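When you get a sec, could you build the whole thing from the sequences and use the hints?
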Amino acid sequence: MANIEGRNSWVSGAWNASDIASAQTHLAPFIDELRGQASSTAPGRTASLIELQVAQLLGLERAESALSEKLKNWYSSPEFTDGEKAILEITEQFVLDVHSVTDEQFEKLRKYFSTPDILAMLFHVALCDGFGKLEKVA
Amino acid sequence: MSSTPRLDPVDPTARSVFGSILGHQPQLAKAFSALYAEFWQRGELDHITKETTRLRNARITDCGY
Chain A
5 MANIEGRNSW VSGAWNASDI ASAQTHLAPF IDELRGQASS TAPGRTASLI
55 ELQVAQLLGL ERAESALSEK LKNWYSSPEF TDGEKAILEI TEQFVLDVHS
105 VTDEQFEKLR KYFSTPDILA MLFHVALCDG FGKLEKVA
Chain B
322 MSSTPRLDPV DPTARSVFGS ILGHQPQLAK AFSALYAEFW QRGELDHITK
372 ETTRLRNARI TDCGY
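Which chain is which? The protein sequence lines are A and B, in order.
In the working numbering, each residue carries its 1-based index in the first sequence increased by 4.
In the working numbering, each residue carries its 1-based index in the second sequence increased by 321.
The calculated PhoX-like cross-link candidates involving lysine-lysine, where the alpha carbons are at most 25 Å apart (straight line), are:
1. A/K74 x A/K137
2. A/K74 x A/K112
3. B/K371 x A/K137
4. A/K74 x A/K140
5. A/K140 x B/K371
Per the computed footprint, the stretches of chain A lying under chain B, defined by three or more beta-carbons under 8 Å from a beta-carbon of chain B, are:
6. 33-42
7. 118-124
Keep in mind the hints are simulated off the structure, nothing from the lab.
In this text the structure is predicted, and so the values were computed from the model without any measurement.
Beta carbons are placed, not taken as given, at the ideal position from N, Cα and C, and that holds for glycine.
Encoded structure:
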């Protein structure tokens, strides 16, 4: 079937990750709870930054905003703190080639964030990446 | 790529594995465990398919499980 953006979905009746998850209705509330926990425990605005960056890297359609525009040049933008740049760097590597995440990149994270914060952010990265890729292909 | 966890467990005497690291975020651990249990206990797919997919994913990502 065609979704609202005109792209075909291979999952009957589904057109985005949320609907695909809902197709397995017994899992949907558990997925929502996990995603909510990861998002709400990630520090500051990192959850939003991660979501936007993963969407951009995977080519997912999302509403444009001033922040998403600045995110396209995050590496050189003064908009982002060094800590935010550290998680954005790992997010990019995680999505494009998870095997290539380095110890050096990880040490940068440790400079700015506690272990619980790092855990929450990485969980959020993994969930955004997984459901984003599901949205992309299904 | 590192196949050794980069994060320490919440209990310094425990072995550093996925479960012991998750202890740093108890609510997140609880939500993950609930989803994982539901996924394995119910659903459309049979256990052979679920386990085959899990193993394949673990090999590709160099996961120790």
